[in-house]
Structure formats: structure tokens, C-alpha cells
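Asker: Chain by chain, the residues:
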Amino acid sequence: MDLLIINLLNGVCFSTILFLFAMGLSITLGIMGILNLAHGALFMLGAFIGLTVSSSGGNFWLAAIAGGVVAGIIGLVIELVFLRRLYKQLDDQVLLTLGLVYIIENIALWFYGGSVRVVQPPAFLDFPIAIGGFTFPVYRLMIIAIGVIAFIVLWWLIDKTRVGAIVRAGMDDKEMTIGLGVNYGLTCSIVFTVGAFAGGFAGLIATPVIGVVFNMSMSILLYALIVVVVGGPGSVVGTLVGSLVIGITDAFGKAYFPSFAMFTMYVVLIAMLLAKPSGILGRKIWED
Amino acid sequence: MKKKLITLLGIICLVLILVACAAPAPSPAPAPAKPIVLGYLACFTGSSAATNPWQLNAIELAIADIGGQINGRPIKLVSEDTASDEATSVDKARKMVEVDKADVLFGPLPASGAAAVSAYTTPLGILHMGICEWMLTSLKLAKTELAPDGTHKGTGYYVGLYAYDVLGARTATVIHDDISFAEDFTQGAMDGFASRGGTIIQRQRPPIFEQDYASYLTAIKKADVVIYWFVPPNAFRFNQQFQQYGLTMPRAQGGCTSMGDQMQQDLGEKAVGIVSAASCDAGVDTPEVKAFIDRWTEMFGDKSPEKGNYPEYNEGLTQYNTVYIYLQAVKALNGDTTPDKVADVLLSQKFDTPWGKVSFDSNGVGVGNKYVMKITNVNGKYIRTAAKVYEQISRDEPAEAKDKAPKM
Chain G
6 MDLLIINLLN
16 GVCFSTILFL
26 FAMGLSITLG
36 IMGILNLAHG
46 ALFMLGAFIG
56 LTVSSSGGNF
66 WLAAIAGGVV
76 AGIIGLVIEL
86 VFLRRLYKQL
96 DDQVLLTLGL
106 VYIIENIALW
116 FYGGSVRVVQ
126 PPAFLDFPIA
136 IGGFTFPVYR
146 LMIIAIGVIA
156 FIVLWWLIDK
166 TRVGAIVRAG
176 MDDKEMTIGL
186 GVNYGLTCSI
196 VFTVGAFAGG
206 FAGLIATPVI
216 GVVFNMSMSI
226 LLYALIVVVV
236 GGPGSVVGTL
246 VGSLVIGITD
256 AFGKAYFPSF
266 AMFTMYVVLI
276 AMLLAKPSGI
286 LGRKIWED
Chain V
103 MKKKLITLLG
113 IICLVLILVA
123 CAAPAPSPAP
133 APAKPIVLGY
143 LACFTGSSAA
153 TNPWQLNAIE
163 LAIADIGGQI
173 NGRPIKLVSE
183 DTASDEATSV
193 DKARKMVEVD
203 KADVLFGPLP
213 ASGAAAVSAY
223 TTPLGILHMG
233 ICEWMLTSLK
243 LAKTELAPDG
253 THKGTGYYVG
263 LYAYDVLGAR
273 TATVIHDDIS
283 FAEDFTQGAM
293 DGFASRGGTI
303 IQRQRPPIFE
313 QDYASYLTAI
323 KKADVVIYWF
333 VPPNAFRFNQ
343 QFQQYGLTMP
353 RAQGGCTSMG
363 DQMQQDLGEK
373 AVGIVSAASC
383 DAGVDTPEVK
393 AFIDRWTEMF
403 GDKSPEKGNY
413 PEYNEGLTQY
423 NTVYIYLQAV
433 KALNGDTTPD
443 KVADVLLSQK
453 FDTPWGKVSF
463 DSNGVGVGNK
473 YVMKITNVNG
483 KYIRTAAKVY
493 EQISRDEPAE
503 AKDKAPKM
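Respectively, the protein sequence lines represent chains G and V. Just add 5 to wherever you are in the first sequence, counting from 1, and you've got the numbering used here. Just add 102 to wherever you are in the second sequence, counting from 1, and you've got the numbering used here.
No lab work stands behind these hints, which were simulated from the structure alone. In this text, all values refer to a predicted model and were calculated from it rather than measured experimentally. Do not take every clue at face value.
[Stated by the list, open to error] Derived list of chain G stretches under chain V, where covered just means 3 residues or more per stretch with a C-beta under 8 Å from a C-beta of chain V: (1) 8-20; (2) 120-132; (3) 136-147; (4) 203-217; (5) 220-233; (6) 243-249.
[Claimed, not checked] Label-pair distances were calculated between CB atoms; the ranges are: (7) G:Asn64 x V:Thr487: 52 to 58 Å; (8) V:Ile303 x G:Thr166: 42 to 48 Å; (9) V:Thr301 x G:Ser61: 45 to 51 Å.
In this text, a Cβ means the ideal position worked out from N, Cα and C, and glycines have one as well.
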């Protein structure tokens with residue numbers, strides 16, 4: 006029983022990191038129809054910026070906010086300068102954002118070197134607690150708590166506010182939304198910035214667990230893409246469900262079927278694509 | 103009278119012309135000596151890029167230490183980025199041989215890339231030397247394939263011995279990246295451990311792209327020692343998470359270290375006590391190594407890790423050793439770089455390095471010292487210091503230890 010609980014907590018913690026990171030990707034894909042493969046690079050960049058702030062004497066939470074803010078600003082620049090001109094041009098979006106990944110990774114390599122770096126968690130969280138016959142890091146419980154708060158805030162924002170209503174309306178019928186006098190371009194920019202902020206913030210939050218290294222963008226992006234496909238793009242609840250499905254499947258797969266650890270999440274992905282390509286709670290991305 | 107004068111002038115002119123023709127022509131300027139071309143297959147990008155800052159520094163220092171030239175032949179370094187990729191490694195090797203006319207190829211760092219290049223260089227008889235541990239199969243291809251640093255199993259073997267003999271471990275749990283050279287490193291450690299009578303109770307193989315080891319740490323069985331090997335980012339993550347999960351078993355990196363100074367500093371107390379094995383390490387406290395570090399610092403500046411000049415990774419030092427050994431062999435031949443001749447010299451003589459004498463066995467595997475390095479806290483700096491030296495040993499796993507550990 007204890008082992009079951011520990012593996013469940015392992016899975017939920019990893020799910021939370023995935024949720025915080027994939028949320029931005031899901032929203033921009035679901036709302037704007039933009040596939041931003043540079044989202045992983047923003048995760049990495051947010052972690053490095055947070056590392057710089059932390060190394061300069063800033064506390065952990067300030068570092069996390071700083072990482073998110075810088076990632077958000079860079080995300081906004083990417084949206085305004087590049088992606089806004091590529092609406093509905095998926096191939097070009099992919100090529101452009103892949104190119105941006107290489108540029109950002111090499112800039113990170115230039116400034117921070119090739120070694121993996123870490124920000125240690127706050128001292129009052131850096132110890133394990135006993136759960137039955139096992140131990141579990143308290144910091145990972147904090148990650149789960151952050152994920153819960155982030156979900157509540159984002160769900161409230163999207164589902165219970167006027168801004169969220171505009172966002173949802175734009176997803177359902179962009180032309181009608183514009184026709185009603187909504188500044189849809191501004192809405193998209195805000196959404197993209199919030200998504201990028203979430204990615205950068207997640208980067209620093211995850212650093213005490215997985216560290217940060219210049220070439221981690223694509224590996225972490227792969228997890229996020231799987232989450233978005235499984236959960237469905239454009240839905241906060243869908244992204245949460247997708248994260249939990251993938252994270253828990255991955256944790257239990259490694260624990261009980263280690264020989265198949267490489268495949269478990271892909272089995273879920275394939276099953277979802279066959280059964281419901283739009284994802285568990287996905288909305289249609291856009292209609293022509 | 104006039105006729106006689108003209109005749110006399112004509113004779114004088116004729117004599118002068120004949121004398122001028124008979125004078126020796128000035129000697130032409132001597133042709134410049136053909137340079138000795140060192141081809142270095144680098145990893146400036148890709149998964150092995152972490153050692154990037156030290157790669158060229160190490161070779162430049164080796165060239166400077168030999169004097170920059172041998173018998174009038176200047177030494178020229180050509181380097182190409184292989185992107186830590188096998189196919190690119192072969193393409194760059196081909197370019198160095200066909201276009202740059204390289205006399206020797208060094209690298210690349212990943213054993214898989216080195217094996218791919220070996221398949222290209224062997225039929226051509228090009229001398230190819232390793233800058234890190236190699237797979238034994240690469241070495242057996244030809245006498246022109248040589249690895250001063252030995253094999254993966256050869257490095258891991260001594261970690262296994264140390265775990266049993268010095269750490270006093272009798273049971274071990276093993277965990278490593280699911281990739282060939284990690285398998286080889288840890289198999290060597292397991293064989294060394296088992297050859298002394300130790301028992302391996304578990305073996306886990308997380309995928310190489312794994313970032314969260316939570317499930318594996320939860321499943322890890324209690325043993326006297328944890329033998330592990332991961333590529334640099336994963337080694338760091340594993341050790342970070344190991345302590346976060348409250349695990350306290352001694353850890354032995356079953357092969358060469360894959361954590362540089364910066365990673366050790368970032369881990370802090372979480373890294374103390376970890377042991378690994380190396381043919382050369384900046385933490386070896388001898389006058390020769392100190393002199394080497396001083397020369398490095400003088401040539402490349404401050405040795406602070408932040409400046410990226412310090413040879414914190416073993417690979418940076420192995421590159422120096424390999425190139426310096428090659429240049430000594432060429433010097434013994436008065437600058438003759440014919441691959442077969444150089445290989446004969448390499449296989450028959452001992453060579454000086456800051457980490458002791460190095461020679462080669464008949465398979466091209468290095469014979470020299472192997473150091474077990476331990477991470478310690480020295481005045482707030484987390485550095486590797488030599489815990490034990492195995493002197494003048496074959497850097498391959500001994501035949502009697504092969505397959506001592508059970509297949510798991």
C-alpha cells in the first residue's frame with residue numbers, strides 16, 4: 006500500500022510539472038491555432054533566468070517569478086514579430102519555432118555553458134518525510150500544491166471571468182468575436198504571454214528536481230505535446246487530466262513494468278489518437 | 103687600328119658573356135616543411151558539448167609542450183564539430199583525411215562515434231586514437247586503432263574493486279542509463295565487485311532521456327553501495343534526487359566521472375563521498391600534475407570554472423595525454439608520420455604524461471595508472487581528490503574478471 010501511495014505521489018508530482026508547462030502550449034494551440042515548438046526553449050530560458058537571479062542573492066520565489074516574466078516577454082516578442090504573420094500556416098510555424106529553439110539553445114550554451122545547473126529548493130522544503138516505509142521529498146509536495154493553485158487560478162480566469170469568456174468565444178468563433186468589437190489581436194497577445202510566463206515559471210519550479218541544461222528544450226517539449234494531445238488543446242481541465250494520465254501512467258509504468266518504461270506514455274498517446282484525436286476534453290482548434 | 107679596337111672589344115664582351123653563363127645560379131629558397139596535421143573530431147555541440155571549453159585547450163597545450171614543431175615540421179591542428187553524432191563524425195573524418203590530409207585522427211568523444219570512425223579509418227590504415235574510453239571491438243580492428251584511456255569495462259572494473267576493498271561493501275544495487283557504454287561501464291564495475299566476492303542484488307536501466315528518477319529511487323533496494331553511471335545531465339539529476347529522497351547509501355560511479363566542478367559545486371554536500379575512476383584527473387596531487395595545471399593556467403588564464411578554462415572534466419586531460427603521446431612517438435621517428443611506423447613506436451615504447459608512464463598492449467589498450475577519485479569538501483569547494491591509485495595496470499578489464507557478475 007505504501008509503495009502504491011509513493012508511486013502515486015511520484016506520478017502526481019511529475020504531472021504537476023507537466024501541467025504547468027503544457028498549459029501554455031495548450032492554450033496557444035487551442036485559442037490561437039499556433040503550434041509553438043519554442044515553448045520548451047522558454048521553459049529552459051525561464052529556468053536559467055531564475056538561476057541567475059537566485060545566484061545573485063534573490064530568493065527562490067523571486068527567481069521563479071523572474072523566470073516567468075522574462076519568458077513571458079520573450080514569448081510576447083515572438084508572437085508579435087513572427088507568429089502573428091503565420092496564422093493558419095502550420096508548416097511555417099513549425100519551421101520558424103524550431104529555428105528559434107536552435108537559436109535560443111545556442112545562446113543559452115554561450116552564456117551558461119554546457120553543464121547542467123540546479124537551483125536548490127528553499128531550505129525549509131529541502132528534506133524528506135516518511136510515508137510508511139518510504140520517504141518522499143517535501144519539495145515535491147510543494148510542487149503539487151503549486152500545481153493545484155495554478156489550476157484553480159487558470160480555471161477561474163478562463164471559465165469565470167470576462168477575459169476568459171472572450172478567450173473561449175474566440176476559440177469557438179473568431180470572426181463573430183471580432184465582429185462584436187473585441188480586440189482579438191490583443192487577446193491573443195495576452196494569452197501567448199500568459200502561456201509563455203507559465204512555461205518559464207514551470208522551468209524554475211522544476212529546476213530543483215530535474216535541473217536545467219541548454220539542450221533540454223525538445224525533450225521536455227515532447228512530454229508537453231503528448232499531454233496536449235491526450236488532454237485536448239485549449240482546455241485547462243483537459244490539460245490537467247492529460248497531465249495526470251501521462252504522469253501517473255509513466256510513474257507506474259517505470260515502477261511495475263521497467264522494461265517498457267520507454268513506451269508506456271506512447272501507448273496512451275496512440276490509444277487516444279485512435280479513439281478520440283481531439284483529446285479527452287479537447288475543443289476543435291480552429292475551423293476554416 | 104680601328105678594326106683592331108673593335109675586334110678587341112668584341113672579344114672582351116664575348117669573354118664576359120661566357121663568364122656570366124658559367125657563374126652558378128643562386129640557390130632557390132628551401133620549400134617549407136610539410137606540416138604535421140592533427141585532425142581532431144570535436145563535440146562543440148550535441149550531447150557531449152559539456153566538455154567543449156577544454157577540448158582545443160588541451161590539444162594546444164600538448165602541441166606547445168612538444169615545442170610546436172618536430173624536426174622542422176610545424177604542427178597544425180584541424181578541428182571539426184561532429185555534433186556528437188556518429189554519421190557526422192564519419193563525414194568530418196573523411197573531410198580531414200581527403201581535404202586536410204590529416205596524419206592522425208583523434209576522437210570523437212562518444213564511443214559510438216569513435217567506433218563509426220574506426221570503421222572508416224581501418225581499411226585506409228589511418229592512425230586513429232581515442233580521447234576517452236573505447237569499445238574493445240573498435241580496438242581489435244587494426245593496430246592503427248589505439249585507446250590510451252582503455253575501455254569502459256576497464257575503468258568500471260577498478261571502481262568495483264574499490265567498492266569491495268575500501269568501502270567494505272558486500273552487496274551492490276546498480277542503476278545506469280540504458281545505453282551501451284553505460285552498460286559497459288557498470289558491467290566492468292559489477293565484474294570487479296563480483297570477482298572479490300560481492301553480490302549484485304539489483305540492476306535498473308532508466309531510459310537515457312529520463313529526467314525524473316523518482317520511480318527508480320523508490321524501487322531501489324537497500325545495499326552496501328549504489329553503483330551507477332549516467333551521462334552528465336542525468337548523473338547530476340540522479341544525485342540531486344537521490345538525496346532528496348533521503349537515501350544515504352554510498353555511491354560509486356561505475357566508470358569515469360560525468361560530473362564537472364560546476365555540477366559538484368551546485369550539488370554541494372549531496373556530492374560528497376561519490377567515487378569514480380579516471381586515467382587522469384586534475385585532482386591528482388603530484389608535482390607533475392601541479393606543473394601541468396600551472397602551465398594550463400599560464401596559457402589559458404584563470405582556472406575558475408566560471409571562465410570555462412579549467413580542465414574539470416577528465417576528457418579535457420585525456421585529450422592532452424593522447425595528443426602528447428602521439429607527438430612523442432612522431433618525435434622518436436624524427437617527424438615521420440607514416441601511420442604504420444608511428445603505430446609500431448606507440449606499441450613498443452612507454453611515454454611520459456603528467457599522470458605517469460603510458461604504454462599500449464597488443465590490442466592497442468593503454469597501460470598506465472588508474473585513479474579512484476572521491477568528491478570531498480575542501481574549504482567549501484567540492485572537488486575530486488585521489489583516494490587510491492592502481493599503478494601501471496591494463497586499462498581493460500582483466501580476462502579473469504570477465505563475466506564474473508551475473509547477467510541481469
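Asker: Kindly indicate which numbered hints from before are broken by the structure, ordering the numbers from low to high.
Answerer: Per hint list: 6, 7, 8 violated.
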